[in-house]
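Student: The lines below spell out each chain.
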Amino acid sequence: MFPVLHNEPLAPQLHRMVIRAPRIAAARKAGQFVMVRADQGEERIPLTIGDADAEQGTITLYIQANGSSTRRIVATPAGGTLRDIAGPLGMATEIENWGRVACVGGGVGTAVLYPMAKALAAAGNNITTVIGGRSDQYIILAEELADFSDQVKITTEDGSLGRQGFVTAELESLIADPGTTPQAVFAVGPVPMMRAVAEQTRPHGIKTVVSLNPIMIDGTGMCGGCRVEVNGEPLFACVDGPEFDGHAVNFSVLADRLTMYERHDGPCRLA
Amino acid sequence: MTTSLSNKERLEIPRGKMPAQDPEKRSRNFREVNLGLDLHAARLEAQRCLDCRTRPCVDGCPVGVAIPEFITALADGNLPTAAKALQQHNALPAICGRVCPQESQCEARCVRAVKGKPVAIGHLERFVADWALQRDVSDNAPRVPESGKKVAVAGCGPAGLTVAGELVRLGHEVTIFEALHDTGGVLRYGIPEFRLPKRIIDIEVARLTRQGVQIECNVIIGKTLSLEQLRRDYDAVYIANGAGLPMMLGIPGENLKGVYAANEYLTRVNLMGAGQNIEATTPIIKGKKVAVIGGGNTAMDCVRTARRLGADKALIVYRRGETEMPARIEEVHHAKEEGIEFVLLTSPLAVLGDEKGWVTALRCQKMELGDADESGRRRPMPVEGGEYDLEVDVVFNALGTRANPLLTATAPDLKLNRWGNIESDENGATSLPGVFAGGDIVRGGATVILAKGDGKQGAAAIDSYLRQKE
Ligand SMILES: Cc1cc2nc3c(=O)[nH]c(=O)nc-3n(C[C@H](O)[C@H](O)[C@H](O)COP(=O)(O)OP(=O)(O)OC[C@H]3O[C@@H](n4cnc5c(N)ncnc54)[C@H](O)[C@@H]3O)c2cc1C
Ligand SMILES: Cc1cc2nc3c(=O)[nH]c(=O)nc-3n(C[C@H](O)[C@H](O)[C@H](O)COP(=O)(O)OP(=O)(O)OC[C@H]3O[C@@H](n4cnc5c(N)ncnc54)[C@H](O)[C@@H]3O)c2cc1C
Ligand code: SF4
Ligand code: SF4
Ligand code: FES
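Top line first, the protein sequences correspond to chains A and B. Numbering-wise (the numbering used here), the first sequence opens with residue 595 and increments by one. Numbering-wise (the numbering used here), the second sequence opens with residue 52 and increments by one.
Just chain A, with the same shape it has in the complex:
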């Protein structure tokens, strides 16, 4: 049993939850995730560890509640418990001092991006964060990201906040100016967004890391359900990833496999 200490809505359907999980908090590195099962009979789903406090023994999750499992998790109030949390799983983000790094996040992907960006900043990188969403109320973690980013750029599809359009427009401007061209790009968001970013950086040979979100079940490398195609090879996102070289990922396979249970309960949001 894992006690929920805080649970607050940040944006429509997006919750931040702080949970007591001392061992995970102590072992966790940026880029890793946990498998959460709210209760008996519930699904196991992967969620990125947004932040952790080893001293307090807590982890922070950012959850977009659209489907049945995520809704069930965010319905657990502070004072309640989640039955099973296993982790930290996956490989940690490859942290280096690349120099200038662009961190690009879309939708709930921004929550997945947050710990990566924080760790990259701590390693001495100059960070430009670009976050996007449908409208201003979907822009999350802008202040938290501003704490360590050299600049934060915002795009919304309806123009209600920041530049109107997609994150790729901001990234294009960054790449076009030799004074701001990033040495590395980290992109997390819907599959079409990550694919678009990878296509943008490919001609310039800019290192591009994406965090993939295939459907998972065990998260420990046992079932093969999370397989993704990277460089034409099948890799397991839960043990080999979830971060991969954006130029080597077959995004079509990922996008397609994410629709496997679409009929089940609402559309997927990251994809």
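Keep in mind that the hints were calculated from the coordinates and are not lab data. Nothing false has been slipped in among the hints.
35 Å max Cα-Cα, derived DSBU-like pairs, lysine-lysine:
hint	chain 1	residue 1	chain 2	residue 2
1	B	K387	B	K249
2	B	K387	B	K339
3	B	K466	A	K623
4	B	K201	A	K623
5	B	K364	B	K387
6	A	K801	B	K407
7	B	K520	B	K201
What follows is a set of in silico ranges between Cβ atoms, one per label pair, in the way DEER data are often shown:
hint	chain 1	residue 1	chain 2	residue 2	range
8	B	S277	A	D839	21 to 29 Å
9	A	Q650	B	I329	35 to 43 Å
10	A	A716	B	E392	53 to 61 Å
11	B	C268	A	A672	19 to 27 Å
12	A	E827	B	D253	34 to 42 Å
13	A	Q634	B	G301	31 to 39 Å
14	A	P597	B	G427	51 to 59 Å
15	A	T675	B	M298	37 to 45 Å
16	A	P597	B	D464	31 to 39 Å
17	B	K387	A	Q634	29 to 37 Å
Note that the Cβ used here is the ideal one computed from N, Cα and C, for glycine as well.
Here the structure of chain A is known, so what remains is to put chain B with the ligands in place on it, guided by the hints.
Tutor: Chain B with the ligands in isolation, oriented as in the chain A frame:
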């Protein structure tokens, strides 16, 4: 009330049949297929045993179960003695009686197999074990005084459970760390309810925890806690994290929707209850026409599960012949009775799909058996012009697994073989002092009884290691 039959009389008793649920009915439910013998049938079967002095059957059992002893006690109607004799060498007989490949182990060596049918050792083992389970006559071997030593076990499958049970009996404090949210390993997430009811795993696990074994789920060694941490905090460590990573087909179309690795499908159904319990929220694709690629136990479990979830057409596609199938004979038998079709000497070439990415067919290649390969099995060779398509909507890959690198990748000093399995000596000792290993992580995909044999041997080795250390 000793039954004093002559050998001639014993030889005249025909091998009894295991009563089973009606195939038509059972192919629509998840209840256990085999119903178990009643006392009369069990004693009659037990009387077929000749109580051979040379005990060839025992040599066929990887853990050396006292077969003639438990069977003669059963024939005499002395069930407490039978149970004791059985449990002496096998801590989880209710499981082995159900899932051991008896036909290639104990029963293969039975003298009665020479001319006719072997004694149904597995069925008798199950009978005695179930009798004991109901009464909880766990052998009350006197516990030795507490040693004050602590042992950590990684993995709660048959190897981990066995090593833990033995070690608490030897007076050590034992904690099992399990990556998943539940116990049992493959026994729970792999082998379906209709072959091994989860109730039996629960009873066995409860018995171990009563004896003092501590089990912590949701702890992944190599991730939540490192092997180094365990070595620091415990006096010895046993690694029993099983096989992992399914092997991929490596054919076009493998990523289409409706292609499952067997482990994923079985986990969804067995561990998460998908398709089985109405309240379970884990989704699953129920095929109407399914093909399972492979010929082992995993393949049989998959195809029979799909059948129970409503497949009208359920096929086994295997590249060799039926006699080469590694699955237990009983499972092949049961599968056939349940209407599973066997497409033998057939290799998959590609999975075909529609424009939306869903499976529509499996492209196959007819094979014939050529010369024997290194393993002594005849190598399947493609038949010219033997290409054709099987119309299906779900394809399962049951090719087997590779070693799971999750733990070993974080322990660079631990010596592995070239397949990534942990190297250990006959006692289970690895290249790291105080670290022992057994089960599938050492052997590759093997059997429940071998995993348990390893656990038993490992416990003895850990015990002497700990006592030496004193
Ligand atoms: C490594 C990783 C990290 C993730 N981190 C986060 C995070 O920090 N915050 C967050 O809100 N979400 C995150 N996700 C996505 C999250 O796991 C899914 O949104 C969730 O499983 C959907 O479950 P549901 O029942 O609420 O949705 P439903 O739409 O009802 O899901 C139906 C089925 O599809 C699967 N599914 C649907 N969409 C996804 C998806 N995008 N990814 C994986 N499985 C999906 C579900 O497991 C379920 O089986 C992450 C995914 C991965 C792989
Ligand atoms: C579908 C199927 C059917 C089978 N049928 C039969 C049969 O009929 N008869 C037979 O004899 N054999 C059968 N087998 C084979 C048999 O189940 C295995 O050989 C046996 O379970 C191996 O036992 P084990 O203890 O080594 O590992 P497992 O049973 O695999 O258990 C390992 C446990 O360790 C956990 N784990 C993994 N990594 C970690 C980690 N890093 N930290 C903590 N825990 C971890 C796993 O979650 C798992 O619970 C079958 C196998 C399958 C897949
Ligand atoms: S443990 Fe398995 S091999 Fe040994 S006697 Fe029992 S059924 Fe036979
Ligand atoms: S070999 Fe067969 S007949 Fe002989 S003791 Fe063993 S089970 Fe009985
Ligand atoms: S989720 Fe099962 S192998 Fe990755």
